[in-house]
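J.: Spelled out from the first residue to the last, the chains are:
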Amino acid sequence: MDQIQYIGERIWPGNLGHFLIVLSFVASLFAAATFIMAQKRRDGEEFNSWKRMGNIGFAIHGVSILSAIGLLFFIMINQYYEYQYVNGHVSDDLQMRYIFSAFWEGQEGSFMLWMFWHVILGGVILWRADQWQAPVLAVISIIQLFLLSMILGVHIPFGEETIKIGSSPFLLLREVFDLPLFSKANYVELLQGQGLNIALQNYWMTIHPPTLFLGFAATSVPFAYAIAGLWSGTHKESMKAILPWALFTGGILGTGILMGAAWAYEALSFGGYWAWDPVENTSLVPWLILIAALHSNLIAKATGYSIKSTYLFYILTFIFVLYSTYLTRSGILGDSSAHAFTEMGLEAQLIFFIAFFLIGGLWLYFKNSKSIVVPEKEEATFSKEFWMFIGSLILIFSAVLITFTTSIPVYNVIGEIFGLEMNLSSPDDVVAHHNKYQIWIGVLIGILSGFAQFLRWKEFDFARRFSSLGKQIALTLAITIVCTVLTIRLLDYPSAPNILLVFAGYYAIFSNLDYIIFMIRGKMKIAGSAFSHIGFGLFVLGVIASGVNKSYLSSNPYAQRGLFEEFDYEKNVTLIKGLPMYMNDYKVTYLRDTFDGFHRYYHINFKELGDSSGTVQDEFDSYPSIIYDKNFKFASVNPSTKRYAQKDIFNHLAGAPEAELDPERAREIEDSLSYVFQEMAINRPITLTDTVKVDDARFPRFHQIQLLNVRRTGEHPEYLSQEGDLVFSADLEIQKYEADSTIRKQAMIVLRENLLFNFPAQINTMGWKAKLTEEFINRYFEIESNLSYRPFTLKEGQTARFSDYTIELAGFDRQPENPGYSALPNDIAIAAVLNIKDSEDNLICQLRPIYLVRNSQVYIIKDESFQHGFSAKFANVDPQAETFTVSLAEYDLEQLSFPVAIAQDSPRNDWIVLESIVFPGINLVWVGSILMMFGLFFSIWNRISRH
Amino acid sequence: MKKIHIIAIVIIIAAIAILLSATKDMGTYATFSEAESSGKIVKLVGELSKDKVIEYNPQVDPNYCSFHIKDADGQEKKVILLMEKPHDFERSEKVVLTGKMKGEEFVATSVLLKCPSKYQDEELFIRAES
Numbered sequence: 003m004d005q006i007q008y009i010g011e012r013i014w015p016g017n018l019g020h021f022l023i024v025l026s027f028v029a030s031l032f033a034a035a036t037f038i039m040a041q042k043r044r045d046g047e048e049f050n051s052w053k054r055m056g057n058i059g060f061a062i063h064g065v066s067i068l069s070a071i072g073l074l075f076f077i078m079i080n081q082y083y084e085y086q087y088v089n090g091h092v093s094d095d096l097q098m099r100y101i102f103s104a105f106w107e108g109q110e111g112s113f114m115l116w117m118f119w120h121v122i123l124g125g126v127i128l129w130r131a132d133q134w135q136a137p138v139l140a141v142i143s144i145i146q147l148f149l150l151s152m153i154l155g156v157h158i159p160f161g162e163e164t165i166k167i168g169s170s171p172f173l174l175l176r177e178v179f180d181l182p183l184f185s186k187a188n189y190v191e192l193l194q195g196q197g198l199n200i201a202l203q204n205y206w207m208t209i210h211p212p213t214l215f216l217g218f219a220a221t222s223v224p225f226a227y228a229i230a231g232l233w234s235g236t237h238k239e240s241m242k243a244i245l246p247w248a249l250f251t252g253g254i255l256g257t258g259i260l261m262g263a264a265w266a267y268e269a270l271s272f273g274g275y276w277a278w279d280p281v282e283n284t285s286l287v288p289w290l291i292l293i294a295a296l297h298s299n300l301i302a303k304a305t306g307y308s309i310k311s312t313y314l315f316y317i318l319t320f321i322f323v324l325y326s327t328y329l330t331r332s333g334i335l336g337d338s339s340a341h342a343f344t345e346m347g348l349e350a351q352l353i354f355f356i357a358f359f360l361i362g363g364l365w366l367y368f369k370n371s372k373s374i375v376v377p378e379k380e381e382a383t384f385s386k387e388f389w390m391f392i393g394s395l396i397l398i399f400s401a402v403l404i405t406f407t408t409s410i411p412v413y414n415v416i417g418e419i420f421g422l423e424m425n426l427s428s429p430d431d432v433v434a435h436h437n438k439y440q441i442w443i444g445v446l447i448g449i450l451s452g453f454a455q456f457l458r459w460k461e462f463d464f465a466r467r468f469s470s471l472g473k474q475i476a477l478t479l480a481i482t483i484v485c486t487v488l489t490i491r492l493l494d495y496p497s498a499p500n501i502l503l504v505f506a507g508y509y510a511i512f513s514n515l516d517y518i519i520f521m522i523r524g525k526m527k528i529a530g531s532a533f534s535h536i537g538f539g540l541f542v543l544g545v546i547a548s549g550v551n552k553s554y555l556s557s558n559p560y561a562q563r564g565l566f567e568e569f570d571y572e573k574n575v576t577l578i579k580g581l582p583m584y585m586n587d588y589k590v591t592y593l594r595d596t597f598d599g600f601h602r603y604y605h606i607n608f609k610e611l612g613d614s615s616g617t618v619q620d621e622f623d624s625y626p627s628i629i630y631d632k633n634f635k636f637a638s639v640n641p642s643t644k645r646y647a648q649k650d651i652f653n654h655l656a657g658a659p660e661a662e663l664d665p666e667r668a669r670e671i672e673d674s675l676s677y678v679f680q681e682m683a684i685n686r687p688i689t690l691t692d693t694v695k696v697d698d699a700r701f702p703r704f705h706q707i708q709l710l711n712v713r714r715t716g717e718h719p720e721y722l723s724q725e726g727d728l729v730f731s732a733d734l735e736i737q738k739y740e741a742d743s744t745i746r747k748q749a750m751i752v753l754r755e756n757l758l759f760n761f762p763a764q765i766n767t768m769g770w771k772a773k774l775t776e777e778f779i780n781r782y783f784e785i786e787s788n789l790s791y792r793p794f795t796l797k798e799g800q801t802a803r804f805s806d807y808t809i810e811l812a813g814f815d816r817q818p819e820n821p822g823y824s825a826l827p828n829d830i831a832i833a834a835v836l837n838i839k840d841s842e843d844n845l846i847c848q849l850r851p852i853y854l855v856r857n858s859q860v861y862i863i864k865d866e867s868f869q870h871g872f873s874a875k876f877a878n879v880d881p882q883a884e885t886f887t888v889s890l891a892e893y894d895l896e897q898l899s900f901p902v903a904i905a906q907d908s909p910r911n912d913w914i915v916l917e918s919i920v921f922p923g924i925n926l927v928w929v930g931s932i933l934m935m936f937g938l939f940f941s942i943w944n945r946i947s948r949h
Numbered sequence: 022m023k024k025i026h027i028i029a030i031v032i033i034i035a036a037i038a039i040l041l042s043a044t045k046d047m048g049t050y051a052t053f054s055e056a057e058s059s060g061k062i063v064k065l066v067g068e069l070s071k072d073k074v075i076e077y078n079p080q081v082d083p084n085y086c087s088f089h090i091k092d093a094d095g096q097e098k099k100v101i102l103l104m105e106k107p108h109d110f111e112r113s114e115k116v117v118l119t120g121k122m123k124g125e126e127f128v129a130t131s132v133l134l135k136c137p138s139k140y141q142d143e144e145l146f147i148r149a150e151s
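Going line by line, the protein sequences match chains A and B.
Start counting the first sequence at 3; every next residue gets the next number (the working numbering).
Start counting the second sequence at 22; every next residue gets the next number (the working numbering).
No lab work stands behind these hints: they were computed from the structure.
Just to be clear, a hint being listed does not mean it is correct.
As the list claims (entries may be wrong) - Derived Cβ-Cβ restraints for the label pairs, each shown as a range:
#, chain 1, residue 1, chain 2, residue 2, range
1, A, Thr-208, B, Gly-124, 23 to 33 Å
2, B, Gly-124, A, Pro-182, 31 to 41 Å
3, B, Lys-23, A, Phe-520, 27 to 37 Å
4, A, Arg-54, B, Ala-35, 49 to 59 Å
5, B, Ala-35, A, Lys-460, 22 to 32 Å
6, A, Asp-431, B, Ala-35, 50 to 60 Å
7, B, Ala-35, A, Gln-619, 46 to 56 Å
8, A, Thr-383, B, Ala-35, 13 to 23 Å
9, A, Leu-18, B, Ala-35, 50 to 60 Å
10, A, Ala-350, B, Ala-35, 32 to 42 Å
As the list claims (entries may be wrong) - 20 Å max Cα-Cα, derived SDA-like pairs, lysine to any residue:
#, chain 1, residue 1, chain 2, residue 2
11, A, Lys-438, B, Leu-41
12, B, Lys-23, A, Val-375
13, A, Lys-527, A, Ile-932
Built from N, CA and C at the ideal position, the CB exists for glycine as well.
So that you can see chain A by itself, here it is in the shape it has in the complex:
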């Protein structure tokens, strides 16, 4: 078959990219091998030369990975759409500030982000060049080897089939898809990019993934140190060396998870910061294990106990990061998670990845943990190490529980392998399921994190210790109990676990405050752990306040049917534009909707009313929105949250008219309407009949509609005028049956370069829709061509008779405005100001036809008033005689009519369904969790500055 010579296809970045990835792969293999050799010969003379080779290998690996990332950015920024990754994530209209988001939107890019952080962290280890360098970098190089295999894109023939290893970001579109398009030599210039998912075009997508991936990458470091420690047998030193890295990892990973929670709360619609979604869970689990490892590590460093468990927990932390990657990227979660990447065929590779490190890590652990010296004496019952270790076990326990439920899809897959159709479903209410168990974890951790602070390492005489601390502990307990009792009264559901969690939260806060003030006497440098524990206490209180006392504002028990009492479903209310709705002490009005790019904002006013007097206590506006994709189809909703110090009011759109969500559906609805053409004369009402059903009888209702005016201008929120537009509009007045007032609406049609744009008038209170069509425009020109104009030659100020009227040339307007005229710089344009008066000298109307000289050509632009029935042209200027010729015509309003299409079955489009939730005390969640992370970072700073 002949090869097509493609025009404009740029092959070099693809070749260079593949080369860089392969080079980087080979270099990491080389680095891993030489670092392993260096570690094996660590006491020999060859050590330094092996290590040097390893350094060179790692440097080449790092540089080529960074170059590949740079190259991918280059082809994305320059929109090389012939590349599949560029095509999938970039588009012409993508703003540059979202280029990072676009980069890590896809699997390949996010793997590269992960590797990027490994290179940076590896670089730090290389630069510090201590005794851990060779073994730690050996492990990191092996990890990089596996990650690189995910984007290697190598096809190995294997008998009949080919094995595909990884998916390269440097593939051409035509290598991925087989489309008839690629039979064209010039296909490149025909391509457009798909762009970044509009829901991801926000700053969270810029900051959340890099933080989370730094957290993921950072877990490799304690893991690598643990392996290095087991390998070299220098356990005391390794326990010391890991600790700062573990603190760093805990802080970063925690911050990454927290950002995800904040994003979910701010921009997603599930109404909360944590939904126990599989992807959230699998990023939380490694963090919990890491925090357990961190505490175990502290014990090991201080006492020599728990070294084995410290190693094991660090290994498990990394394994669970890999498990998380497997769950999110293998496609196993299917549609059950918001985060799941689409399948890329990496399942087998990821399983191999996990198996390698799990088996390798555990093998090394069991082989070498015998060399760990355990203190012979058992931990004392009231020693710090004893209770801290219990705390670590509880955190591990929490991780086990979460993983157990999150892995349900995995059980189904394993079942299938053995031919079992298990068909297991996750719990009916996942949130309730996890909360039910995790609440006890919170209680235990809260109490332990307060209590253990007062214990001492290797306690030998607790009775004496207790007698000196007893008063202090009693005081803390007393304050905690008082606060708990006061708080319980505020709880909507004061169940036993809820009460205990409040107690645990307060206890963590007060005992750690006590610790800072009386134990370490304000020595802030060592207060990192107390900060984190106070943070945990605040967090727990925030969870209880915002979770247990969460309430729906958007319910109106009087307006909703009470059929299903046993179900709590009153979550939404329908708001009609302009009509206030009362819900739970609030008067809520949907005022209007406005467009901003692909966002449609719904402007909703909230007034908090006083008890019965109806006085407004508080007022605010909220702007929840929906986001459209580039075809103006609904993409996602963005909530709008009113923030107070003590609570948040979270508003989100649960529904809007279908026609506003999907242009296709809008067309279907439009096509289904039964339009009838009505011949409408100016100022002559016609009667249209509706029937209304009362019981089983139908009663007619007579409504009137009339055409007030036909104009060549018009306004509509969705219409942006362009030069050359021909605009026609009809002013309509509707008198509803037995209504006191009339409704005025404007229907408009615009002719722009042979395309007709329709802006119909929707009359929501009646379910009517009126639109102008081509027939309307034709009629307009037909009427125009049948007019007979009568010329008048006048001087300024002169009058003349025109049938029963008097016309007066009142003056001139040198800056005329007219729908048919848009000014250009060198125009000479004058409008004649013509007053038309009736026989009693009353002014009926004023017309301003234009005489225009443009590029020495004369143009006549008429002016008209259908309302009054006149049309005028400014035909000539005689500068010598100072006379002006104007032509006038009168419409026969008795005879003339316009066709207007009216449908009486148009569904109303001025409503929205609102979900409005109050989250009391949610700021405690944020303040508490930020303080938790701050404590971790603070401790690193303290440890580093101490050395």
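Add chain B to chain A, keeping to what the hints say.
T.: Positioned in the frame of chain A, the structure of chain B alone reads:
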């Protein structure tokens, strides 16, 4: 035996007990007849009957949406969903409902849709004529 070992054993026993209790929350996907015989809240997978009317009239009640579902056995029943009509409901391939039978109707409080994956159409890649 060391105290720490005793505590570890206690925790392991507690873990097994709690995990066993956690399995009670898991279920298998039920059919209408199973939902009817158990009378409990179940998860049900089915397909939306696209030939039947989806009734949702937010001006009357924004928390009431009714439609018909065909379950795994091919049995079709009316479903009342006590919330707003989900976006893109008509295009769904599969529907997962949580709820219980009430008389002849299945009353659901939550819904999860499985929609067809993005259709790769050549049109998608070609620049619109400007």
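J.: Give a verdict on every hint.
T.: Checked hints:
| no. | hint | verdict |
| --- | --- | --- |
| 1 | A/Thr-208 - B/Gly-124: 23 to 33 Å | 52 Å, violated |
| 2 | B/Gly-124 - A/Pro-182: 31 to 41 Å | 54 Å, violated |
| 3 | B/Lys-23 - A/Phe-520: 27 to 37 Å | 33 Å, holds |
| 4 | A/Arg-54 - B/Ala-35: 49 to 59 Å | 53 Å, holds |
| 5 | B/Ala-35 - A/Lys-460: 22 to 32 Å | 28 Å, holds |
| 6 | A/Asp-431 - B/Ala-35: 50 to 60 Å | 23 Å, violated |
| 7 | B/Ala-35 - A/Gln-619: 46 to 56 Å | 49 Å, holds |
| 8 | A/Thr-383 - B/Ala-35: 13 to 23 Å | 20 Å, holds |
| 9 | A/Leu-18 - B/Ala-35: 50 to 60 Å | 57 Å, holds |
| 10 | A/Ala-350 - B/Ala-35: 32 to 42 Å | 36 Å, holds |
| 11 | A/Lys-438 - B/Leu-41 | 14 Å, holds |
| 12 | B/Lys-23 - A/Val-375 | 17 Å, holds |
| 13 | A/Lys-527 - A/Ile-932 | 18 Å, holds |
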